[in-house]
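These protein sequence lines map, in sequence, to chains A and B. Taking my numbering, I'd label the letters of the first sequence as residues 7 to 187. Taking my numbering, I'd label the letters of the second sequence as residues -17 to 252.
Just to be clear, a hint being listed does not mean it is correct.
To be verified - The calculated DSS-like cross-link candidates involving lysine-lysine, where the alpha carbons are at most 30 Å apart (straight line), are: (1) A/K42 x B/K53; (2) A/K50 x B/K76; (3) A/K42 x B/K76; (4) A/K50 x B/K54; (5) B/K46 x A/K42.
Said to hold, decoys possible - Footprint (simulated), chain A over chain B, 3 or more residues, beta carbon under 8 Å: (6) 7 to 20; (7) 31 to 38; (8) 84 to 95; (9) 113 to 127; (10) 154 to 164.
These are calculated hints, taken from the structure and not from any lab test. A quick note: this is a predicted structure, and the numbers were derived from the prediction, not measured. In this text, a Cβ means the ideal position worked out from N, Cα and C, and glycines have one as well.
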Amino acid sequence: MIHAAEESGAGILFPIWQEMLVGAIAFGLLCFVLMKFVFPRMEKTFEARVDAIEGGIERAERAQEEANQTLEEYRRKLATAQEEAAAIRDEARATAEAGKEEILVSAREEATRIIAAGHAQAEASRQQLIRELRSEVGNLAVDLAGKIIGQRLAGDADTTATVDRFLAEIADETAETSGAR
Amino acid sequence: MTDSAIVLAEGESHFPPGIHSFDFADWFSGLTGTALAHMFTTITMVVWATVAILIIFFLWANRKPQIVPTKKQWMAESAYGFIRNTVAIDLMGKKDGVRFAPYLATLFLFIVLMNFWAIVPGIQISPMSHIAFPAMLAVLSWIIYVWVGIKTHGFAKWFKMTVVPPGAPGFIYPLLVPIEILQNIFLRPITLALRLFANMFAGHLILLVFILGGFEMLNSSNFFIQGLSVFSFAMGIGMTLFELIVILLQAYVFTLLTGMYIQGSLAEEH
Chain A
7 MIHAAEESGA
17 GILFPIWQEM
27 LVGAIAFGLL
37 CFVLMKFVFP
47 RMEKTFEARV
57 DAIEGGIERA
67 ERAQEEANQT
77 LEEYRRKLAT
87 AQEEAAAIRD
97 EARATAEAGK
107 EEILVSAREE
117 ATRIIAAGHA
127 QAEASRQQLI
137 RELRSEVGNL
147 AVDLAGKIIG
157 QRLAGDADTT
167 ATVDRFLAEI
177 ADETAETSGA
187 R
Chain B
-17 MTDSAIVLAE
-7 GESHFPPGIH
3 SFDFADWFSG
13 LTGTALAHMF
23 TTITMVVWAT
33 VAILIIFFLW
43 ANRKPQIVPT
53 KKQWMAESAY
63 GFIRNTVAID
73 LMGKKDGVRF
83 APYLATLFLF
93 IVLMNFWAIV
103 PGIQISPMSH
113 IAFPAMLAVL
123 SWIIYVWVGI
133 KTHGFAKWFK
143 MTVVPPGAPG
153 FIYPLLVPIE
163 ILQNIFLRPI
173 TLALRLFANM
183 FAGHLILLVF
193 ILGGFEMLNS
203 SNFFIQGLSV
213 FSFAMGIGMT
223 LFELIVILLQ
233 AYVFTLLTGM
243 YIQGSLAEEH
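One chain only, chain A, in its complex shape (with noise of 0.2 Å):
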């Protein structure tokens, strides 16, 4: 009947039936294999690869999140130093201050010891002075008496006293002058 068929050219639309064992064969070999070992493979990669991107994304927001805390706490301890710096400054000041202050007033001290040290050795020197001045001075006047009245005086006590009397008068008197003025 095919023979016929084909006579005519409506064989073609006759499949033959080897050749259709033939092409399901070859064809369930391979769903065989394909649907078995290479298309769920491909499934489970790109599962994965979902999974990888959207794991990746969670990792960045992590990070991020996690670079945002660093960043404030080293906000925080910039700040904090900062504030500490000031302290620091400021007590340095106060302290320079007070260190001044204290220079300043044991300057002051000092001088003011220096200067009356100053004042009590001059006023050593002038007792001196003036005791040796007067001694000089009586003897200078004993000496000037005694050529102008010719005779010796030197030695004699009464003289002595009388000089020394003499001469504290004018002490006196000179002290009296240096006072008022």
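With the hints as your guide, set chain B onto chain A.
Relative to the frame of chain A, chain B by itself:
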């Protein structure tokens, strides 16, 4: 019963080409006329080659799948992903799409490569131009979409869904139901098979007309006609490029329709 490639080599004139151009001799002449006839021919060899190439390529390319794919892995994934995303998931949604994607992708790859032999130099015949192979695939598609429908809805409901179009008034049922039965149950696999077969058959015939015609003109004693053979060969090359489009398009159409039929069986109402 001659092979068109041999025809060219022998320089015999087999012009014009006809249905005899699709007959391929048994490799072992002893088998002719027995039950094993047609089992070892250029056609079946090409079928096995198709299956071997696909299996070897996909196993090799997807040997060690990685998150960041290698080039060959990317190629294999793209081939699968194309049908998975544009046919299976688009038609059936994510869950069912992923379930049927492996079959549809296998179907598409098989048809594309089977068709592609039509323009491979030295072969230039697609097994799909023998109706046995499209018919086999159409029967398989039919079994799958009927089986999916019965499994999803039960036989009675699936049958009702298939043969009674929703929204039609009752009085038109006697006319409509036989047409629906004919169309949805009997004609679908036949049109599926015929569409693919006829395209590949016609494509092969057209290539034969221009290429054999070119040789025929070249063999002519008339110098003018010999010169004109250039145009025939040029048309042969042009038609080969056109054939490439048909190859891809028909494989896609077959896969898309199978997907649509399966989707129709899965859907609640259609």
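These are the hints, each one checked on the structure:
1. A/K42 x B/K53: holds (22 Å)
2. A/K50 x B/K76: holds (15 Å)
3. A/K42 x B/K76: holds (20 Å)
4. A/K50 x B/K54: holds (17 Å)
5. B/K46 x A/K42: holds (15 Å)
6. 7 to 20: Coverage by chain A holds here, the residue count being 4 at a Cβ distance below 8 Å.
7. 31 to 38: Holds: 4 residues of the segment 31 to 38 of chain B have a Cβ under 8 Å from chain A.
8. 84 to 95: holds (count 6)
9. 113 to 127: Holds, because 7 residues of the segment 113 to 127 of chain B bring their Cβ atoms closer than 8 Å to Cβ atoms of chain A.
10. 154 to 164: Answer violated; 0 residues pass the 8 Å Cβ test.
Going down the numbered hints, you'll see the structure goes against just number 10.
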